[in-house]
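> Single-letter residue listing:
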Amino acid sequence: SQLAEENSWALSVHEGESVTVNCSYKTSITALQWYRQKSGKGPAQLILIRSNEREKRNGRLRATLDTSSQSSSLSITATRCEDTAVYFCASPSNMGYKLTFGTGTSLLVDP
Amino acid sequence: GPKVLQIPSHQIIDMGQMVTLNCDPVSNHLYFYWYKQILGQQMEFLVNFYNGKVMEKSKLFKDQFSVERPDGSYFTLKIQPTALEDSAVYFCASSLNRGGDTQYFGPGTRLLVL
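Listed in order, the protein sequences are those of chains A and B.
First residue of the first sequence? That's 1 in our numbering, and the numbers climb one at a time after it.
First residue of the second sequence? That's 1 in our numbering, and the numbers climb one at a time after it.
Looking at chain A on its own, in the form it has when it is part of the complex:
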């Protein structure tokens, strides 16, 4: 796969803890997006980070992008039970039309 989440495919934390999901990619990208998909729902974008950016924040979420190592991370602080979901990284194709998704990391936040 062009994109892959490097963690194990599943993570479990207790509510209030912090967690980081990592993503690596094989070809150059113009942007990298982090999506969250809750059970039975469609993916929802959390953060879009462009190739000229190194860090982006959205509330309790922080994404980083390292183009030299072709990797990105998504950190969630003060996790809540409602953060339980599958987290995907995704990047647009060179033509800019399609998103290629990573394999996903399933996060379980225990109360």
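These are computed hints drawn from the structure, not numbers from a lab.
Cβ atoms here follow ideal geometry from the backbone N, Cα and C, with glycine treated the same way.
Keep in mind that a hint or two might mislead.
Some chain B residues close to chain A (C-beta under 7 angstroms, calculated; not the full set) [stated by the list, open to error]:
(1) GLU56
(2) GLY100
(3) THR102
Given chain A, work out where chain B should sit, using these hints.
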């Protein structure tokens, strides 16, 4: 936030039949997409549609698949005839621009081909 609607939420059909999946994209969006997700697996791109044309498609977008958006109504994915391997959840998405712009996804249509 912006919402994409999909109809129906579930569909069960016999192999060989035709099925049409409907998507109501975000009203001012110009780019429309279909993705396929088999249970427990990653989301896979099928096709992008813009200005009445298919702009990019994947190998999964077989000859039996077609898309259209007649007169700005629903954006549809038609499969004719269906095969067992078409069983999956199909997600519609839309975006205002391309090139990495945010894509907004619908809740999916769960298709089961018997």
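> Determine for every hint whether it applies to the structure shown.
Against the structure, the hints come out as follows:
A distance limit of 7 angstroms between C-beta atoms decides the matter here; for B/GLU56 the minimum to chain A is near 4 angstroms, and the interface restraint holds. Because the beta carbon of B/GLY100 sits about 4 angstroms from the nearest beta carbon in chain A, less than 7 angstroms, this interface hint is met. Among the interface hints, the one on B/THR102 holds; its C-beta lies about 5 angstroms from the nearest C-beta in chain A, closer than the 7 angstroms criterion.
Hint check: no violations occur; every hint is consistent with the structure.
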